[in-house]
Amino acid sequence: MVVSIIYIYRFTMQEQLVIDFAIGMPKPQAVIAVQVYLELIELKKYYSVEYKKYESIGKIIITGKKKKDAPMCAFIPITISEYLDFSLLQTYIRAHNCPLTCLALVGTDSTTVYYQIEEGLVEPDGNLAKNHKLDKQLQLDRELEKHREIIEDAALMEIKANIPAKATTSSDIIMSDSSQQECSHSMNILPGCSGVFMNP
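Note that UniProt numbering numbers the sequence shown so that position 10 is 10, with each residue one more than the last.
Incorrect hints may appear among the rest.
[To be verified] With a straight-line cut-off of 25 Å between C-alpha atoms, the simulated BS3-like cross-links for lysine-lysine are:
id: 1; residue 1: K44; residue 2: K67
id: 2; residue 1: K53; residue 2: K65
id: 3; residue 1: K53; residue 2: K66
id: 4; residue 1: K45; residue 2: K67
id: 5; residue 1: K133; residue 2: K146
id: 6; residue 1: K27; residue 2: K67
id: 7; residue 1: K68; residue 2: K45
id: 8; residue 1: K130; residue 2: K160
id: 9; residue 1: K68; residue 2: K53
id: 10; residue 1: K44; residue 2: K65
No lab work stands behind these hints, which were simulated from the structure alone.
Predicted model only: the values in this text are computed from it and were never measured.
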């Protein structure tokens with residue numbers, strides 16, 4: 001009984017909000033704006049949630065704070081099928097006075113995805129590629145260190161050592177005589193790889 005009363009109250013409240021939001025705005029815009037508005041209040045528990053109609057851009061912008069002391073964020077509800085370009089995004093960013101702007105992309109199944117956007121271009125991060133290269137080098141170093149003793153033994157005996165992908169003990173390593181094979185100085189010694197190790 002109580003559940004059905006709450007459901008009816010929420011349903012009528014949502015209908016009333018759609019009616020209020022639709023004054024001076026297209027109804028589809030009002031419907032998705034109400035969805036974002038209620039999600040921010042009820043699910044995400046944002047503070048100071050308000051809405052304002054911007055007839056010049058045909059949008060209802062919802063503002064709120066993630067925490068009481070957080071900066072105000074403007075949420076712009078749009079459908080996933082809506083066309084966007086850089087000038088339109090710039091118009092959305094400049095339409096309000098909030099320090100943060102998020103697009104609230106509403107799907108046909110009522111799923112909402114939030115994307116924070118900013119004005120201007122972001123410089124490419126050269127450190128990203130450098131860090132990725134360092135991570136790969138660290139991974140290689142760890143694998144070499146983990147199997148160092150086996151690799152050294154194989155090199156001393158001039159035999160081939162296969163390191164399976166899930167090698168954990170020395171019994172997992174397969175060694176075979178490969179004295180006729182050529183020496184390879186640049187090889188990847190990673191789990192699942194094999195190589196020939198010879199004394200230089």
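Right, here's what the structure says about each hint:
1. K44 <-> K67: 10 Å, holds
2. K53 <-> K65: Roughly 19 Å separates the two Cα atoms, so the pair holds.
3. K53 <-> K66: 21 Å, holds
4. K45 <-> K67: Within the cut-off at roughly 9 Å; holds.
5. K133 <-> K146: 20 Å, holds
6. K27 <-> K67: Distance of about 31 Å is beyond 25 Å: violated.
7. K68 <-> K45: 11 Å, holds
8. K130 <-> K160: 33 Å, violated
9. K68 <-> K53: 24 Å, holds
10. K44 <-> K65: 10 Å, holds
Violated hints, in rising order: 6 and 8; the structure is consistent with all others.
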